[in-house]
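K.L.:
For the sequence shown, the numbering used here assigns the number 419 to the initial residue and increments by one for each residue that follows.
To be clear, the hints were calculated from the coordinates, so they are not data collected in a lab. Warning: the hint list may mix true and false statements.
Unchecked claim - Here are the simulated EDC-like cross-link-like pairs (lysine to aspartate or glutamate), alpha carbons at most 16 angstroms apart as the crow flies:
1) Lys471 <-> Asp435
2) Lys459 <-> Glu428
3) Lys459 <-> Asp435
As the list claims (entries may be wrong) - Cβ pair distances, simulated, as ranges:
4) Ala477 <-> Val429: 14 to 20 angstroms
5) Ala432 <-> Arg475: 38 to 44 angstroms
6) Leu436 <-> Phe468: 17 to 23 angstroms
7) Lys471 <-> Glu428: 15 to 21 angstroms
8) Arg475 <-> Met425: 16 to 22 angstroms
9) Thr488 <-> Ser457: 21 to 27 angstroms
10) Arg485 <-> Val429: 27 to 33 angstroms
11) Ser482 <-> Thr437: 35 to 41 angstroms
12) Met425 <-> Gln478: 36 to 42 angstroms
Everything numeric in this text was worked out from a predicted model, so none of it was measured. Just so it is clear, CB atoms sit at the ideal spot from N, CA and C, and this is done for glycine as well.
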Amino acid sequence: MTFSSVMFFEVIEAIFDLTIKKYIPLHGDDGIWISLRTSIKNCIFFAVTFYRKTYERIAQIVQSRIRLDTQNTPIAR
Numbered sequence: 419m420t421f422s423s424v425m426f427f428e429v430i431e432a433i434f435d436l437t438i439k440k441y442i443p444l445h446g447d448d449g450i451w452i453s454l455r456t457s458i459k460n461c462i463f464f465a466v467t468f469y470r471k472t473y474e475r476i477a478q479i480v481q482s483r484i485r486l487d488t489q490n491t492p493i494a495r
């Protein structure tokens with residue numbers, strides 16, 4: 419299963435909107451809130467990217483092993 423990049427970024431934005439924006443205000447005297455929001459968003463982005471790449475790599479390995487198994491299996495007559 420692969421995600422398009424547009425769908426991937428929409429998922430990140432949805433997660434961000436549902437969680438972070440509720441708890442961290444948009445305004446502040448020193449801009450620390452904006453920096454914190456950006457840092458959290460980047461962490462979520464990294465985590466989802468890492469998961470997606472790992473999932474795709476595992477899927478490739480499993481598919482290649484299935485192909486090898488089916489090629490080496492004798493056909494029952």
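K.L.:
What hint numbers does the structure not satisfy?
P.N.:
Checked against the structure, the hints that fail are numbers 1, 5, 9 and 12, while the rest are satisfied.
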